[in-house]
Amino acid sequence: MTTSEKPGGKISAIVRACRLISRMNQANPEVPKSDALYYQMLANYYTRLLNAREEGKFIAAHTVFFPSEILYAMDIVPMHTETTTWMMALFLGEQAEILAAGAELGLAPEICSPHRGLAGAFALGALPRPDVMLWSNLICDNTAKSGELIMELNDCPGFFLDHPFQRSEAEEKYLISELEDMISFLEEKSGQKMDWDKLSEIVAGMDRQMELFREIGELRKAVPSPFHIRGFLQLLTTDYLCPGQPEATEYLQALRDELAEMVRQGKGAVSPERFRLMTLFVPPMYLMGFLEKMSQEYGAVSVVEPLFTRWAEGRLDPSKPLASVAKKASLIPERRSMYGPLGEEALKDITTCAEQYRVDGAVYWAFMGCRHTCATIRLFKDILNEIDVPMLVIDCDIVDPTINPQEEIREKLEQFFELLEDR
Amino acid sequence: MVGEHSVMPVTVPRLDKAELPTLERFREVNATFPKTAEVLAHKRQGGKVFGWLCTYVPEEIIHAAGALPVRITGYSQETELEDGNAYLYINNCSFSRSCLQMGLRGEYDFLDGVVAGSTCDGARRLFDLWHYYIKTPFHHVLTVPRKYTEKAHALYYQQVVQFKQHLEEFLGIQITDDELRHSIEVYNESRALLRSLYELRKQDTPPITGAETMEVLDASFRMPKELFNQWLNDLLDELEAQDRAHKARARLMVVGSVMNNPEFIRSIEAQGGLVVTDELCTSTRYWSDPVVLDGDKSPLEAISRRYLNNFPCARMVPSDGRFGRILELARDYRVDGVVSQIIRYCVTYAHDLPLLRDKLKAQGIPMLALDVEYGTSGSGQIQTRVQAFLEMLEARKKG
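First to last, the protein sequences are chains A and B.
Using this note's numbering, you'd call the opening residue of the first sequence number 1 and step up by one each time.
Using this note's numbering, you'd call the opening residue of the second sequence number 424 and step up by one each time.
Hints in this document: simulated from the structure, not taken from any laboratory.
Glycine residues also receive a C-beta, built at the ideal position from the N, C-alpha and C atoms.
Please note: incorrect hints may appear among the correct ones.
[Unchecked claim] Which residues of chain A face chain B? A partial, calculated answer using Cβ under 7 Å:
#1 Ile111
#2 Arg378
#3 Asn404
#4 Glu407
[As the list claims (entries may be wrong)] Pairs of lysine to any residue residues, derived as SDA-like cross-links and limited to a Cα-Cα distance of at most 25 Å, are as follows:
#5 Lys412(A) - Ala509(B)
#6 Lys782(B) - Asp131(A)
#7 Lys173(A) - Asn51(A)
#8 Lys293(A) - Asp155(A)
#9 Lys558(B) - Glu261(A)
#10 Lys412(A) - Thr402(A)
#11 Lys670(B) - Leu816(B)
#12 Lys782(B) - Asn385(A)
#13 Lys558(B) - Glu94(A)
Please take these sequences and the hints and turn them into a complete structure.
Here it is as structure tokens:
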């Protein structure tokens, strides 16, 4: 079960798409500067990956929420597996081909589609062959289980990073020891040494980015709220692909400044702003354009995404870089209610969010591949109901458009907006 | 396809009550679970009962606390899951939804506590919702590492210590090392007896079927262990005294997701396959490995080491540990074919499937992969697929 390596055909196409969008954005004075910076950042990320082999660089494929700060500090080229799959869906529309290839491997349709698609893409030889596969159990069974098949498909070694489930001193120590073991593994396989000074710099950059994420979150509390719905995915991607990287900081600063200016001028992402929404989980990637249009049409704006953009309070310490990398895992928004026991604090945060952001309603994108998240649907609905915030649930797949047609989604959203209007 | 063997008389006789009276006693426990006579008697005497959700929860600690540990399972039959579906979204496995429904309907209202491990998404979310909606007085979840390194063992040991302390605090008692040693003895005896039962299944014509064995296993985590051990001793005596011999078209092994429905196995055996072993968390993964007490280790350390090193679930990394044990069982029990039954949305097992298929293929062992729901009895399409699989295995034997 191995693949013959081909130059990353899909990666090359992603790079072309990002460059094109970036150039178009730069040429259009009405497009905010941050948009051009964002697509340039994406283009740079995938260009590094595309050229890595030719430049003799070591490539590490890794799953979501993996501390790629360590890879950057070791001059290893990261390949974020889930994001790369959804980029293929978003920019290339080739999800059918890679999902079919995943099915041919024997992966059941219940397995999260980015993971099925990723295995399929490797089986097709459409992605660069990684030198190592890195994966972890943060955030679910799919991430925990996706590594070994990819190792086999690429005939490469791998390292599994075991994230403890709860938070305690012993568990924090365990995670740090796991990171140490991973660094030893990478040093052995790549022949490259960890540059601790560089890691400290990256941690300082990540700390700055976390502050910017929080500032952006605060600005979105304004009425009207200044942030458009596709921006949500851009924030995710920024942390997933370029944590602590200067280009990510530059993008976030530009975005923060633009939003601050909009707030100062009383401008919203939609005008007039009629419905302030909480987004739970992730809307389908391939529908972002459609959702953007609906957002404008109905004056509906996503003001907060507690599962994905609400970072916990806490700072990183560059003088303790490894401990900081471990600490970041406890501060990421996803850690609050998607991993670890779902305690009172996590539930309280959902209702606090709804109140602080003056939310009119919540939309839960029930991604059928994400079991542990969907398990909270009833619970969130009940607690939001207690504070009189209605919640709409839409079944979907984040990369596969065959699950729920666009028109059906439109109908559900329209009905929900009617309900909000009546209230 | 109707092959010549589809009409072949296959004899997997239903049991004459007089033949194995102890099996009837186990059946009675299963038929009345969760509110069995044994559980109710324990409660009447003022005893505490704790439900556990996964084989990474160390039962011996609950037992040493003087409480009765029972495994939380769902309906052992095909059932509408209206309440389960209303609270846990449908992309959570039917095992979780089935257990939750029983909890929501008060069928586990006698429980004083619920203990889970962070073993899989289904189990941890079942625990979360149980905590929120059912509100059993005591709740505890253990962080269970996914590795076997010494550091992982140290973390798990710390979790086991914390669980013991939490339990002591809740019950207002101290659990002594002697009590733990005694519980280890009781549980190890149970494991040894189950091993004896399984040894019988290695015979060319085993005296017990796979479905009957599942009935024994089900009872093993639903009643006091001391009593179970007595009964299992009785059953082994009865089996020795009888001249039972089950011939089969093929010797099969069942692997995959949690499954404790004897009817599923019975439906396979009714077609002439004989399930001679299994790799399930309700069977070999539950009882195979004893707690090893040696001079250096405290009983708690011994328990901790056993539970993390136990016959691995698909959650553990690397998967080779699990695959190796499956291949070992297949060889020891001279298995002709493997039936993989994976509950929909049980993705830990679903991810392993392509890799396991390759490993088995390399050993010349065919695999039938079934997508099932928890509690399925193996009717309809499953029967058709099993029938075709058995025909294929027979054709291979004939050369």
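These are the hints, each one checked on the structure:
1. Ile111: holds, 5 Å
2. Arg378: With a minimum Cβ separation of about 5 Å from chain B (threshold 7 Å), the hint on Arg378(A) holds.
3. Asn404: violated, 13 Å
4. Glu407: violated, 23 Å
5. Lys412(A) - Ala509(B): Satisfied, since the Cα-Cα distance of roughly 20 Å is no more than 25 Å.
6. Lys782(B) - Asp131(A): Answer holds: Lys782(B) to Asp131(A) is near 24 Å, not above 25 Å.
7. Lys173(A) - Asn51(A): violated, 37 Å
8. Lys293(A) - Asp155(A): Answer violated: Lys293(A) to Asp155(A) is near 44 Å, above 25 Å.
9. Lys558(B) - Glu261(A): violated, 49 Å
10. Lys412(A) - Thr402(A): holds, 17 Å
11. Lys670(B) - Leu816(B): With Cα atoms ~15 Å apart, Lys670(B) and Leu816(B) stay inside 25 Å; holds.
12. Lys782(B) - Asn385(A): Distance ~50 Å between Lys782(B) and Asn385(A) Cα, so the pair is violated.
13. Lys558(B) - Glu94(A): This hinted pair is violated, its Cα atoms lying about 47 Å apart.
Consistency with the previously given hints fails for numbers 3, 4, 7, 8, 9, 12 and 13, ordered from lowest to highest.
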